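Residue numbers (my numbering), protein chains in the order written: chain A, 1 to 381; chain B, 1 to 381.
One should not assume that every hint holds.
Identical chains share a label here; the pair holds if one copy fits it or two copies do between them.
[Claimed, not checked] Derived DSSO-like pairs: lysine-lysine, alpha-carbon spacing no greater than 30 Å straight-line:
1. Lys27 to Lys125
2. Lys51 to Lys296
3. Lys223 to Lys325
4. Lys325 to Lys307
5. Lys223 to Lys307
6. Lys325 to Lys311
7. Lys86 to Lys51
8. Lys44 to Lys27
9. Lys296 to Lys83
10. Lys89 to Lys325
11. Lys380 to Lys311
12. Lys83 to Lys113
13. Lys51 to Lys304
14. Lys321 to Lys223
15. Lys311 to Lys223
16. Lys159 to Lys27
17. Lys44 to Lys88
18. Lys86 to Lys332
19. Lys113 to Lys57
20. Lys325 to Lys51
21. Lys113 to Lys223
22. Lys321 to Lys311
23. Lys44 to Lys332
24. Lys113 to Lys88
25. Lys113 to Lys27
Everything labelled a hint here was simulated from the structure, so no lab data went into it. None of these values were measured; they are calculated from a predicted model.
Number of protein chains: 2
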Amino acid sequence: MNDFMYHNPTKIEFGREKENNIGQYIKEANIESILLVYGSGSIKKNGLYEKIIASLKTNGISYEELDGVVSNPLLSRVNDGIKIIKEKKIQAVLGVGGGSVADSAKAIAAGAKYDGDVWDFFIHKAEITEALPVFTVMTLAATASEMNGNAVVMNDETKQKYAIASILINPVVSVVNPELMATVSREYLVYSAVDIIAHSIEVYFTATLHPNFNSRIVESIIKTVMETTEVLLENPNDYEARAEFAWIAIQALNGLTPAGTEGGSFPNHMIEHSLSALYNVAHGAGLSVVIPAWMKWYENQNPKQFKRFAKEIFNEEDSSKGIEKLEEWFAKIGAPVSLADVNIPRDGIVELAINANATASMWGIGEMYTVDAIVNILEKA
Amino acid sequence: MNDFMYHNPTKIEFGREKENNIGQYIKEANIESILLVYGSGSIKKNGLYEKIIASLKTNGISYEELDGVVSNPLLSRVNDGIKIIKEKKIQAVLGVGGGSVADSAKAIAAGAKYDGDVWDFFIHKAEITEALPVFTVMTLAATASEMNGNAVVMNDETKQKYAIASILINPVVSVVNPELMATVSREYLVYSAVDIIAHSIEVYFTATLHPNFNSRIVESIIKTVMETTEVLLENPNDYEARAEFAWIAIQALNGLTPAGTEGGSFPNHMIEHSLSALYNVAHGAGLSVVIPAWMKWYENQNPKQFKRFAKEIFNEEDSSKGIEKLEEWFAKIGAPVSLADVNIPRDGIVELAINANATASMWGIGEMYTVDAIVNILEKA
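Excised from the complex, chain A in its bound form (with noise of 0.2 Å):
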């Protein structure tokens, strides 16, 4: 195993109707104003905001309110509300939504303790030192962000999507009910079910070392997304699959998979940015198409790990056939399989792989993903 520090000092409050203690989970980290921030307002017509809005009365707690965040979520956005918090004094920001809001609320927090501009972080120009606390409330279980200190914003003007990581904008407390996420589309579901393979699966091949306690940890997050996911599909108020689809969501990103591997990249994500930043791709959407194209192009690199894989999760003998029913799976849930399915053209190939070899540079993965290199993968796709 290679060398790691393993700390994830998140609390998650998982359960029915905890998101009724929000303001008390807020009053005990001796805050007492945040930045209440949320999506289009659905949690407005669910009876959710006035369930969060009524905890924190009790507690005391005073707020001010960013809605509006949408799914790919915008710098811009994120710059409202640093201005907010910068003008009222608040102390903390509070997510209540899926991960985009959650991300939101992460690069608030961080913004808010900085006198540049929040995008410096995203482009390695300046260094998180300092975040005011994070609480999220979560409606849609994929990105983690309620257990991680990743952020993924969208600069508007230029469309560039980049990521912040910092164990400073870990939330505090995050409120998982699994109740809160059953009203989610089929399309979310299914786009979220990709998006925890996709967490899942990166580090998996690429890693030059990946013990086989990882290797495990990870095909039990793949076996039970699949698994949940198709109770789902079936009945949405199944609640033991919504919580379990919850709960390795939160597994899949959390740091515990990859500890102790090495050299391990995020192509897929890397990819699939330029997808969202250029064409306004749904994450998961996005991912499901740039998944089987890139493990095609992959494969012989880590042929014993594709091999694995076949085996455990598709009893397969043969690697390529686990790529196969990966994307038979993905299109029998209802995920987009091929850049055609998302309406993305081929002649835009090239300007989406320029966009993702900038990501790649800032990954420091920019050697092997050339713009060659994209172009192949998505031409598979």
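Got chain A; can you put chain B on it based on the hints?
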């Protein structure tokens, strides 16, 4: 899934030579003085003591020492530590050793902030509301004490081996360098393997609700323990196996495996603590005696999970075959599998059962584990 709260703030510094940074980790927590707790002095022979002292000195951390912690750690020695801390106004506790040293360090940390008798916490007469920060440098992998809030101590007067649990005594930082564990005796490696398996199967078999993902994690741990133990028995210096063994030992009891399960308990530990207390049997040795007996007794209470265990771990269809194979594996690696193997006479069973039943009552499982039931279990051993 059952509702739960998951929170494990311990930072694990995993890898080669990390013990040389312990002074730095302590300093980063703004601590200037510690009580250094260790065992019989083997750390003085192998050079670890010198490294720790050098790191403390480099970072300006003053220290007092408490040595002589034994395998089944004694309350009397814990009280000695508390006395030193109170007299010298020490700010934190550093345990350097195995589980018994870490547990003693934790009990000392809790007792140092309490005016009454620290044993009050063990008999549930008082609750831990404050504790000194704990740090550990581990030389043995088994108990996961390095990443949980548990501590087991034996009252040398009353012969009770009881436990405390509080997040307040979770170590702040634990150093886990697998190389420091390479000199562990063959005997203790085997006991450790048994202990890890015991931690894994307790809730696995006893929970009334045990989600598939939790089962898969447990099975991943058990498979990896068996695999790495066999490698280490052949070659104690195999770093990869040693490292995986150390990491899964932690995963087996850091709160991950039971999260979301319902109704789990620790009957094997409960009974074993009496073997340790009355016959000074090593914890792992007692466990390998108790486990197969308990499994045979309990099998019919959870046939589905026993069948799953047999299939997943040993590829056997019949659940009793799973128990048999585990017992065979214990014997194969040299772990005792009968009371006779650890020199406990048949006529000692009733006294053991009475002692264990007292623990059972303390742990809220006294109704199921009556004296008669425990006699019944031990007769199978």
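Now for the hints, and whether the structure bears them out:
1. Lys27 to Lys125: between (34 Å within a copy, 29 Å between copies)
2. Lys51 to Lys296: So Lys51 and Lys296 fail the 30 Å test inside a copy (47 Å) and across (49 Å) alike.
3. Lys223 to Lys325: both (13 Å within a copy, 26 Å between copies)
4. Lys325 to Lys307: both (13 Å within a copy, 29 Å between copies)
5. Lys223 to Lys307: both (16 Å within a copy, 19 Å between copies)
6. Lys325 to Lys311: both (11 Å within a copy, 25 Å between copies)
7. Lys86 to Lys51: within (26 Å within a copy, 47 Å between copies)
8. Lys44 to Lys27: So Lys44 and Lys27 pass the 30 Å test inside one copy only (23 Å; across, 47 Å).
9. Lys296 to Lys83: neither (46 Å within a copy, 65 Å between copies)
10. Lys89 to Lys325: neither (53 Å within a copy, 64 Å between copies)
11. Lys380 to Lys311: Close inside one copy (24 Å), not across copies (39 Å); limit 30 Å.
12. Lys83 to Lys113: Within. Shortest intra-copy distance 11 Å satisfies the 30 Å Cα cut-off; inter-copy 43 Å does not.
13. Lys51 to Lys304: neither (50 Å within a copy, 40 Å between copies)
14. Lys321 to Lys223: both (17 Å within a copy, 26 Å between copies)
15. Lys311 to Lys223: both (12 Å within a copy, 17 Å between copies)
16. Lys159 to Lys27: neither (38 Å within a copy, 43 Å between copies)
17. Lys44 to Lys88: Within one copy only: 24 Å inside a chain, 57 Å across chains, cut-off 30 Å.
18. Lys86 to Lys332: neither (48 Å within a copy, 66 Å between copies)
19. Lys113 to Lys57: For Lys113 and Lys57, only the intra-copy Cα distance (26 Å) is at most 30 Å; the inter-copy one is 35 Å.
20. Lys325 to Lys51: neither (43 Å within a copy, 53 Å between copies)
21. Lys113 to Lys223: neither (41 Å within a copy, 46 Å between copies)
22. Lys321 to Lys311: So Lys321 and Lys311 pass the 30 Å test inside a copy (9 Å) and across (25 Å) alike.
23. Lys44 to Lys332: neither (33 Å within a copy, 62 Å between copies)
24. Lys113 to Lys88: For Lys113 and Lys88, the Cα distance is within 30 Å only inside one copy (13 Å; across copies 39 Å).
25. Lys113 to Lys27: both (21 Å within a copy, 25 Å between copies)
Checked against the numbered hints above, the structure breaks hints 2, 9, 10, 13, 16, 18, 20, 21, 23 and satisfies the rest.
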